[in-house]
Structure formats: structure tokens, C-alpha cells
Amino acid sequence: MQAPLQATEASSNAPRLAAHHQCFKSQRATEHAARLFLSWNPDVPYYLWSDCGDDYTNLAEELRLHYSFSPINVGYKHYSPEALVELF
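36 is the number that the numbering used here gives to position 36 of the sequence shown; each next residue is one higher, with no gaps.
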């Protein structure tokens, strides 16, 4: 049986940090946040998710972000906490 990997040995090329950014309709704020984060963390995967708000495709392409658009807005204004649980 092989000994478990030490923390320094564990898949050194695997990312240890990722950013998940849920956005809605704040183009300037979203762009600013993504650019600032990536200026300090250029190699960290950045996942941008539009919660049925604005389309951030151009920003995602420009900054090479992982991007998805949700056709469902999961904000509390649109769903009760109980309904949110049912979505997932």
C-alpha cells in the first residue's frame, strides 16, 4: 500500500483557488471586480455566472473567463427560500 501524499506533493498543478462570481445587472461593477481579481490572480480559474441578468459574453471572451448564463433568476425577490431549495 502506498503512503498518502503530503500536502506539498498533492497534485501541484491543480488549482488551489477558484473564483465563483454570480452577477446580475452591474456591467461596470462586474468588469471591475473581474479585472481587479485577475490582476492579482492571473492563473486562477474565474467562473462568471449571470443570474438571468445582463449578457457578459464579451467580457468573458476578453478576459478568458468560464461563463454561463442562467435563464432562471434565483434572487430572493423572485423565489421564496423554500422554492430555491426545490431548484437545486
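It is worth saying that the hints were derived from the structure and are not from the lab.
Since we're looking at a predicted model, the values are computed, not measured.
Be aware that a few hints might be false.
[As the list claims (entries may be wrong)] What follows is a list of derived Cβ distance ranges for each label pair: (1) Asn58 / Leu36: 14 to 22 Å; (2) Ile72 / Asn13: 13 to 21 Å; (3) Ala14 / Asp54: 25 to 33 Å; (4) Phe37 / Asn13: 16 to 24 Å; (5) Arg16 / Asp55: 26 to 34 Å; (6) Ile72 / Ser39: 16 to 24 Å; (7) Ser68 / Arg16: 33 to 41 Å; (8) Ala14 / Ile72: 27 to 35 Å; (9) Val74 / Gln27: 13 to 21 Å; (10) Cys52 / Arg28: 15 to 23 Å; (11) Cys52 / Asn13: 20 to 28 Å.
Glycine included, C-beta positions come from ideal geometry on N, C-alpha and C.
So, going through the hints one by one against the coordinates:
Separated by about 18 Å at the C-beta atoms, asparagine 58 and leucine 36 satisfy the suggested range of 14 to 22 Å. Evaluation of the 13 to 21 Å hint for isoleucine 72 and asparagine 13 yields a failure: the beta carbon distance comes to about 35 Å. For alanine 14 and aspartate 54, the Cβ-Cβ distance of about 32 Å falls inside the hinted range of 25 to 33 Å, so the restraint holds. Range check, phenylalanine 37 to asparagine 13: about 21 Å between beta-carbon atoms, so the 16 to 24 Å window is met.
At about 31 Å, the CB distance of arginine 16 to aspartate 55 agrees with the hint of 26 to 34 Å. For isoleucine 72 and serine 39, the hinted distance range of 16 to 24 Å is not satisfied, since their beta carbons lie about 32 Å from each other. About 23 Å separates the C-beta atoms of serine 68 and arginine 16, a value inconsistent with the hinted range of 33 to 41 Å. At about 31 Å, the CB distance of alanine 14 to isoleucine 72 agrees with the hint of 27 to 35 Å.
Judged by the Cβ atoms, the range 13 to 21 Å given for valine 74 and glutamine 27 holds: they are separated by roughly 20 Å. Roughly 19 Å separates the CB atoms of cysteine 52 and arginine 28, a value that falls within the hinted 15 to 23 Å. At roughly 35 Å, the beta carbons of cysteine 52 and asparagine 13 sit outside the given window of 20 to 28 Å.
Of the numbered hints given earlier, the model fails hints 2, 6, 7, 11; all others are met.
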